[in-house]
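Peer 1: Given these sequences and hints, build the entire structure.
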Amino acid sequence: MQSHYLEQFERDMGCTEVEWLGWLPAALGQHLWQRDGASVQVSIGPGSLQIHWQQAEPRVLGLARIPRLLVRFAFAGLDDAQRYVFMKRFDLYMQRGGG
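Following our numbering, the numbering of the sequence shown begins with 646 at its first residue and continues without gaps.
A few of these clues could be false.
[What the hints assert, rightly or not] Restraint ranges, calculated between C-beta atoms of paired labels, are given here:
id, residue 1, residue 2, range
1, E652, L737, 18 to 26 Å
2, Q653, Q679, 13 to 21 Å
3, R704, A726, 29 to 37 Å
4, G707, A671, 30 to 38 Å
5, R734, T661, 18 to 26 Å
6, H676, G707, 36 to 44 Å
7, V705, D725, 31 to 39 Å
8, L715, S648, 20 to 28 Å
9, A709, D681, 26 to 34 Å
10, D724, A701, 25 to 33 Å
[As the list claims (entries may be wrong)] With a straight-line cut-off of 20 Å between C-alpha atoms, the simulated EDC-like cross-links for lysine to aspartate or glutamate are:
id, residue 1, residue 2
11, K733, E655
12, K733, D657
13, K733, D681
Hints were generated in silico from the structure; no laboratory data involved. Where a beta carbon is used, it is the ideal one built from N, C-alpha and C, also for glycine.
Peer 2: Okay, here's the thing in structure tokens:
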């Protein structure tokens with residue numbers, strides 16, 4: 646988790662689009678959102694967030710092939726603190742770990 650989130654940034658996510666879409670509703674929480682193809686528009690208090698994703702070539706590590714999504718986040722009308730609060734929850738719901 647980061648301590649600061651810019652108004653626009655990109656991430657390289659190690660998941661398939663199907664996995665991403667399965668996790669997304671919980672990560673967005675109670676915020677109203679609407680999907681349009683490979684993007685969602687999220688209403689967050691006085692502002693909004695546009696998330697767009699596209700599939701990328703898998704990352705290959707030896708014999709392992711890890712799926713990848715390139716995800717772009719673009720906030721509008723939210724200050725640093727509001728972006729942080731939203732992304733703190735979002736990141737917790739998107740976090741995956743092994744055991």
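Peer 1: Does each hint hold? Answer for all of them.
Peer 2: Hints, verified against the model:
1. E652 <-> L737: 18 to 26 Å: 21 Å, holds
2. Q653 <-> Q679: 13 to 21 Å: 20 Å, holds
3. R704 <-> A726: 29 to 37 Å: Given range 29 to 37 Å: holds, Cβ gap about 34 Å.
4. G707 <-> A671: 30 to 38 Å: 32 Å, holds
5. R734 <-> T661: 18 to 26 Å: 23 Å, holds
6. H676 <-> G707: 36 to 44 Å: 40 Å, holds
7. V705 <-> D725: 31 to 39 Å: 37 Å, holds
8. L715 <-> S648: 20 to 28 Å: The hinted range 20 to 28 Å holds for L715 and S648, with Cβ atoms some 23 Å apart.
9. A709 <-> D681: 26 to 34 Å: 33 Å, holds
10. D724 <-> A701: 25 to 33 Å: 31 Å, holds
11. K733 <-> E655: 16 Å, holds
12. K733 <-> D657: 17 Å, holds
13. K733 <-> D681: Violated, at roughly 24 Å.
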